[in-house]
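Sequence order for the protein chains is A and B.
For my numbering, add 1 to where a residue sits in the first sequence, where the first one is 1.
For my numbering, add 974 to where a residue sits in the second sequence, where the first one is 1.
Honestly, the hints are just simulated from the structure, not real lab data.
One or more of the hints may lead you astray.
As the list claims (entries may be wrong) - Here chain B is said to cover these stretches of chain A; the calculated rule only asks that three of the stretch's residues, wherever they fall, bring their Cβ under 8 Å from a Cβ of chain B: (1) 291-305; (2) 319-327; (3) 344-356; (4) 372-383.
Glycine included, every Cβ here is placed at the ideal spot set by N, Cα and C.
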Amino acid sequence: MRKVYMDHVAAAPVLPEVREAMLPYLGEVFGNPQSLHSWGDGAREALEVARNNIAGLIGGGEEGVIFTASGTEANNIAIKGLARARAERGKHIVISAIEHFSVMNAARALQKEGFETTLVPVDQYGIVNPSDVASAIRKDTVLVSVMHANGEVGTIEPIAEIARALPKDGPVFHTDAVASAGIVPINVREMGVHALSLGGNQFYGPRGSGALWLKPGVRMLPLMEGGIQEGGRRPGTEDVPAIAGMGKAAELAVRDIKSRADKFEKLRERLIRGVLGKIEHSILTGHPVQRLPHYASFCLRFIEGEAMLMLLDSQGIAAASGSACTSRALKASHVLLAMGISHEISQGSLLFTMGPDNNEADVDYVLETLPQVVDRLRQMSPLYSKYIKEQKG
Amino acid sequence: MPVYSEKVMQHFMNPHNVGEIPDADGVGEIGNPVCGDMMTFYIKVKDNRLEDVKYKTFGCGAAIAVSSMVSDMAKGKTLEEALAVTPALVAKELEGLPKNKFHCSNLGAQALRKAIRDYAVKNMINIPGLTDQQENEEEEEHACET
Chain A
2 MRKVYMDHVA AAPVLPEVRE AMLPYLGEVF GNPQSLHSWG DGAREALEVA RNNIAGLIGG
62 GEEGVIFTAS GTEANNIAIK GLARARAERG KHIVISAIEH FSVMNAARAL QKEGFETTLV
122 PVDQYGIVNP SDVASAIRKD TVLVSVMHAN GEVGTIEPIA EIARALPKDG PVFHTDAVAS
182 AGIVPINVRE MGVHALSLGG NQFYGPRGSG ALWLKPGVRM LPLMEGGIQE GGRRPGTEDV
242 PAIAGMGKAA ELAVRDIKSR ADKFEKLRER LIRGVLGKIE HSILTGHPVQ RLPHYASFCL
302 RFIEGEAMLM LLDSQGIAAA SGSACTSRAL KASHVLLAMG ISHEISQGSL LFTMGPDNNE
362 ADVDYVLETL PQVVDRLRQM SPLYSKYIKE QKG
Chain B
975 MPVYSEKVMQ HFMNPHNVGE IPDADGVGEI GNPVCGDMMT FYIKVKDNRL EDVKYKTFGC
1035 GAAIAVSSMV SDMAKGKTLE EALAVTPALV AKELEGLPKN KFHCSNLGAQ ALRKAIRDYA
1095 VKNMINIPGL TDQQENEEEE EHACET
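The following block holds chain A by itself, in its conformation from the complex:
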């Protein structure tokens, strides 16, 4: 049976060059970067090479790069660390309604410390309107966080325009670029942000690697107390193999970002055109153009996502869904609901995320298989038979 993996948002294999770059630090170059003896030298050098590569990936100074163990951790440090450092000036945070849980729940956790959060709505494509962000700003707003790209529908937000709409010398502006860093070009200066989160595993680096970039001079409070690693902003002995791997992945992303995106876009468009053309009552979720090049996301009416994923898996295809049944919490995706998609339609959510190994034949196999899966589930759906009867009646 043909195997087609299109769930790269969940997990992707590290690139062979990345694995090679990590191996020495799991073996002979085992030193602690903080050690003054020669064993520490090699590890220290690995950290600084990686820091350089990450800075290069996002167009920021390397002194601003703080290594973390995930994108989630970077987001937590950004939201809690930046807000707490400004608590005396104000306790109001503005975020979009479609942020990742690591931003959303970090902001919610701050409520216990007296912070208030305003959620800025999105339009039907998941786009945040910069003037909505600007009008949510109050005198006591100390932090704004809007994601660069959404991890469920792939919509890319107008970060630079939002930055321009914010008051000068106003709140700090953070963007969660975990879904987009290494996939589309990023420049923190052009974006006008003070802080940016990224995760190495989203651009074929290892899991357990991430980074927060902070503009020099921007104050933050660390989440953990400990030693002087990362300037005391993120204490804990550095995970040198993971950091070296992410650094290599960043170097490769800088080199290949354009060619990868060109390839992804062709596959994505083939898949989107095919699904919308072949399957009735299917809608594209997210923005048709302003979207991540490797993201094809849909809602297929009258059926449920988990059942689709299981049938696709039985045919060798891996995808993802934002349906309530696929979430452990059994809750519909807050992203789809914020875009105005009904609970019922959001149940039919289906997401394909492509990776470097996917090709046209993979897309064609999905296009051959998916209509059969959808048809099979619709044939047993009471919602579909009701719809058909209403059409006839």
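Given chain A, work out where chain B should sit, using these hints.
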């Protein structure tokens, strides 16, 4: 480790008795698309026995397997016997359901009972064991709403 038991996968991949009965003697619908699972059961009754049981299901893999299992367990039984099919028995026959899915996906037995009640009301007959379960059943249905 797979999320679902082998039995659930068998019924999900090859569900039994899927469909509608156009001239059904009783119809029972339960769940709502908001919480993700919705089932409609159709029954055909002859001489106090379930001569035929069919269903349509909107929902996750577990919901589909549950519907299939309930239809198997009920078909050919007397109405009283069919009323003894409970969510716990269905889960047991399916070799277990994931904890978080137990309630929302396991509505098949209630949908079947609703179809039997529909039949009883239409034909103005009393079936032992039907009325006292009524309250629990409705509670169950609302438990899923958000």
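Now for the hints, and whether the structure bears them out:
With 3 residues having a Cβ less than 8 Å from any Cβ of chain B, the stretch 291-305 of chain A passes the three-residue criterion, so the hint holds. By the rule of at least three residues with a Cβ nearer than 8 Å to a Cβ of chain B, the coverage given for the stretch 319-327 of chain A holds, with 4 such residues. Residue count for the stretch 344-356 of chain A with a Cβ under 8 Å from a Cβ of chain B: 3. That meets the three needed, and the coverage hint holds. For a cut-off of 8 Å, the count of residues in the stretch 372-383 of chain A with a CB near a CB of chain B stands at 4, and the three-residue condition holds.
The structure meets every hint from the earlier list without exception.
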